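Listed here are the chains, written in short residue letters.
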Amino acid sequence: MEQKDRVEEISVRHGRPPVMAPGHTFATITDKISSIVLTRPVSLGWMLGVGFASLWAFILLFAVSYLFYQGVGIWGVNIPVAWGFAIVNFVWWVGIGHAGTLISAILLLLRQSWRNSINRFAEAMTLFAVACAGMFPVLHLGRPWLAYWLFPYPNTMNVWPQFRSPLVWDVFAVSTYFTVSLLFWYQGLIPDLATLRDRAVNRHTRTIYGFLAMGWRGSARHWKRYHTAYLILAGLATPLVLSVHTVVSYDFTIAVVPGWHSTIFPPFFVAGAIYSGFAMVLILAIPIRYFYGLEDFVTMRHLENSGMIMLATGLIVAYGYIMEPFMAWLSGNKYDMYQFWDRAHGPYWWVFLSLITMNVVIPQVLWIPKVRRNPAWLFLISLDVLIGMWIERFVIVVISLHRDFLTSSWGMYYPTRWDWFTLLGTVGFFFMCMLLFLRVLPMISIFELRELLPEAEVKVEP
Amino acid sequence: MSLVPVYGLLAEFDNPTDLLLAARRAHEEGYRKMDGYSPFPVEGLAEAMGFERDRMPLVVLIGGLLGCVGGYLMQWWISAVSYPINSGGKPYNSWPAFLVVTFEVTILCAALSALFGMLGLNGLPMPYHPLFHSARFEFATRDRFFLCIEASDPRFELTQTRRFLEGLGGHGVSEVPY
Amino acid sequence: MEFRRCRIKGRHRLRSAAGLLLALGLAGCRLDMHDQPRFKPLRMSDFYADLRSSRPLEPGTIARGELRSDSYFYTGMVNGNPGDEMPFPATKEVLERGRERFNIYCAPCHSRTGDGNGMIVQRGYRRPPSYHIDRLRNAPLGHFFDVITNGFGAMPDYAEQVPARDRWAIIAYIRALQLSQQAPLSIVPPAERDRMLSQPPPVPATPGSGATTPSGTTGQAPPEVKK
Amino acid sequence: MSTAPRTNIDFAAPPIAATIQRRSLWVGIIFGIATIIGFIFTPAQAIRSYLLGYMWWLEMTLGCLALLMTQFLTGGSWGMVLRRFFEAGSRCLWLMAVLFLPIIIGMRSLYFWTDSAAVAKEGLQHQAQMYLSGPFFVMRAVIYFVGWGVAAYFLTRWSGLQDQPPDRDFSSRFRALSGPGVVVYFFTMTFASVDWVMSLQPHWVSTIYGMIFVAGQGLAGLCLATVMAIVMAKYEPMRRILKPSNLNDYGNLMLTFIMLWGWFTFSQWLIDWAGNEPDEISWYLARLHHGWRYVGFVLLMFYFCVPFLLLLSKNLKRDPRSLIWLAVWMLVMRWTDLFWQIEPAFNRDAFHISWLDFVIPIAMGGFWVWLFYYNLRARPLVPLHDPRARAILGPDID
Amino acid sequence: MAQIFHRSTNTISRFTIFGALVVTALGLWTALQLERSPYTTFAGVARPQPVPFSHAHHVGGLGLDCRYCHTSVENSGFAGIPPTKTCMNCHSQIWTNAPMLEPVRQSFQTGQSLVWSRVNDLPDFVYFDHSIHINKGVGCDTCHGPVDRMPLMYNYASLQMEWCLDCHRRPEKYLRPRQQVFNMRYQQPDEFHPVEFNGQKYTGQDELGRALVKAYHLRTVQDITSCNTCHR
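Chains as they are written, first to last, in the working numbering: chain A, 1 to 462; chain B, 1001 to 1178; chain C, 2001 to 2227; chain D, 3001 to 3398; chain E, 4001 to 4232.
Pulled out of the complex, with its shape left as it was, chain A reads as follows (with noise of 0.2 Å):
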């Protein structure tokens, strides 16, 4: 605790901008962070934000129904890819979920303390991203009604899941990865329901948050075995998120497809992951903290410390994308050596092209201090990396499978409208989700900014 608030003094005097902006106080943390909440006026730009991300998230709703009406067939997934958009969005979104898991719990067992001003609509950003994610491998079954025969449960047909297949454990990762994250999102909220309850003044308001809250009232005790838990989940949390991306490039590894059978993937996965989630918390974080006022609370450093991060990852996605094919190379494997010859030469040379200069060259601007504190640089940069970390998932998907190894079933995957709508109608759902959430519950963790202050800190001897 000394120590950290020591180095962190330091560093500012050094000229990195604090986590918080001085001059606020416990009330003012508390008052600033629930009025978002119970007193500020619906405005007009969030109705226009909830309204547009709504009309996406019904298109959603229409193609899925669409969907369940006439069959995969209307996607334009067929032999030999027949795995388009569905997977690489699913890929995409889960990653995204990443970075919230990291900071909520990495960055807490790290002891990094500007993670809490962003920890909360982060851990959020990752429910509604796996929510998009969990959606696809369902919708992508051909009879997705069917999806509980996923589960383990004695049926009828005597029949249980084949747990030697990657595509179970993804069931079980990704299901686990989100169960976990309400949890973990869920505990951190309960301090700060009881906080809105205290606060609220309209009956029913006050009705719904002391509900949720459960009747926290801030004991020690409770406080205690709290923290416990709390770190506990955060223990828990970190090994899983790994496990979530990998059991995710198991889906593609542990077939001997060229293109997928590499061991690199897990950590190639993760990495891309938090790349791109972090480049997901940047495209949240600068829009909120300026059209909330919460640049007190989040600073440029978190702003900066985000685009460090997204520099190191995207540095060991660079990493794999030259392993692959030098080890391909080595091999001799003539598969392996075709299909990243494919990718280079074959008629998706122009995804390719783009996906280095999206991933790999674009990014490295952030090498410059000045442009890692430029919000707006950020934000373009983070738009970047988002689109091209959906360009990775659909090179390594659609890439590796529309030349098979015999040339008679060589194909080229066509999306239609439909992958389209269904793709931009979870960003619309993402959206609305977000900004639903933005209203009803604190987007910043209240008790946690609290803790950061210095009068936080016992001033006596233990």
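Okay, the calculated beta carbon distance ranges per label pair:
1) A:Glu-457 with D:Leu-3312: 26 to 34 Å
2) A:Lys-459 with E:Leu-4028: 52 to 60 Å
3) C:Met-2033 with A:Tyr-153: 18 to 26 Å
4) B:Arg-1055 with A:His-204: 35 to 43 Å
5) D:Val-3298 with A:Lys-334: 33 to 41 Å
Hint data in this document are derived by calculation from the structure and do not stem from the laboratory. Quick caveat, the model's predicted, so the values are computed rather than measured. Glycine included, every Cβ here is placed at the ideal spot set by N, Cα and C.
Got chain A; can you put chains B, C, D and E on it based on the hints?
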């Protein structure tokens, strides 16, 4: 004395250090049935009041172990006992493949036992609590710190305890009705 | 005969919509792959006017392996007259097969002993002649074949139910039946003779017990019915 | 800018450091003689054991370098406390460069691809032949050492410059070199692991291989620095610097590296196992049969499971005596892991271990530790004049 | 601040948590039971047929053998449903005026098929062959139940996959000598009713089953529980 049954006496402080010192004093004075209330976890406060062992890790350990063993046994039973199917020539008990789901189930069970264990040990949900009668108590979730000595403590005596609490230098002491 | 499905069925789009709505509630509803748009034996089809997916043979077509070049085997006739020979040797296996088939297809009317007092006759069907009259005892084998194949008097033909080879086996067995009712004791081997004389005659199976007598070599009476 | 901390505490290494330095030199000399004997009588085995020992000590050197660069980038008190230990380890790099010469000389008995007849017989791919050629191999090694050397030289040099008042803030300079330095290290180490170890069985390739080495080196560097710091912590000045919370951090970092290793190696094994392709699985068949299976089992249990469970305990992490033993143990496990990677390439059908597998690493270690303490003694144990160092000095020094 | 919730809320909320668990568990249990019940499987539910044909009368009462009508059961995947002609074998003289049989006569005169409702209806993705079961010693009533006591036909078994697997996993539990396959009143051997097979008397199904599995060359359990045995 008061005719309304009393839950306890509530003393108010404006910073965590004062609360911690007060709790320490009260513990030295022999009070045991008391609790501190703060808007964020105060390091060492629970211990200052003689907090019993924190059993959270044990609860989570048990949950995790059950998940781990249960998760593996489930897969083994399903794949090697209930319906052995030859898949890609892999052994029926393919432990390398089963480790993944075992891990996930372990985490799931441990996480569930962490949250529900915390709620259970804390006696939550408890939407109704005598303390909520107190008018000032709503600031316990904002910026105030409270120490409540409960009437069920054997050493509790209304006037004497009130005098003791007032002597701790807080911002006033109030009675909490049951 | 045609089958129709009595379970949930309809336009497949409606069905998927129903599937969506009732996914969990109606775990039992039948889905596309349960009832595939293909012909299974005797399935109803709305493609043909008579709704039959199993089509009758076009006249003049001969299925593979069904060319009836051996006319005696398939008609029992030699130059328009019934022949009196088995087209293949009447081995023990043939006789056993004959007994089995006789008991399935003939015994309901002719009774197991061939006296023409089978269960159906008891229920009002016109009584066929007993096999143990001289006319039938002397009738050539081809006569029986012709009767089974084309019917005779009140008896319908059994060509569809009994394949030609089985018909011959039945005929061989009828001959054995006829012999069994008229055999002198002297043709029984001495050892068997003693046994037969020392034991009471076996009780004939009572039709209507609900059990069709097992036609195996054990020869034991059908197991008693326990209620 | 603040002035230098005013204190009368001596931050130089305690006398014990000189004693250890002297003794380790003797160890080096004695075991070095044994090494020479080994090279004379069983040269083929000796060069293998030499490679094992070399990779082991290279891990500690480069681990120190990598962590040194990392701590410049992330900041935090954990790195500041160990910084001088990392620097001392990094500056052993020139020794490692010298010690690489025997590998170049003994290349022919180590790497079968140096023999064109064997290459033809084994049907090595054309690509591998291009990459795995003697001169190219040496050239790459030179590039690696230059890359690492530049980082190690400048970082430690600037750090030394900082010791001379007036205070100079080199933070941006450190960061400017460390950022690209880490990237360069990552790539060069990957290729080095391919060149020096993976090419022992060139039919098998694994894209994660370099990362397994990097994770192993991180663990080795951290454990080495932790051991050395705890040894020094019996005396001033480390006694006041090294706090239980630091040890807790090191324990957590060890746990992280152990988990990374477990994650990488398990994934590699699972992917090869599931794919079951002849070129891939044969690498594991050699390592998961015969006696090698038990080495693998030891790694699973004592590299991963047991240390993982032990490191969950907060008390253990905060206790220097427990943590130092655990760190030493993890170094032994690093040796075991390398042994399991290298030796089966030569003895596929039966477990095999030689006395030289112990002697040569110890001999190398003797010289290495001698140089380490030489480097350590050359400077104060804390970069006193680094502005950020004040965070670890505590309130009583100002 | 005043209390938001009444004192009783504490009890109610805890009760709700446990209640939710119980309700969920009960719901799942009910769903599983429902899936196995006649509501889903139609087991034991007679279907309406154009003619109320009674197996109880024809088999149990008159003693007709299964194969009199189902002629192809021994050598074809499909057991065979008799053409109207088979009905008319007898009903040309018996019950000729019964109104119940009017559709049969109609069909015979016009050549229009009778449209029966399928009773034992396997899904189309299941390959089922009667002949192999008959020839390996699976009795008719093992699957079809006491047909000789069914006034109207219903499916005796659930026909769900777990039911198929029950036998495929341990065929020796159900096999009988081939001669007994069409015996509707066959009983598994016990001490008092031994069953003879290949000249040996068996007093227990276990030994008999094992002997039959061997004698009839049943394929291994691994083979007959492999997916493509039935889904091809």
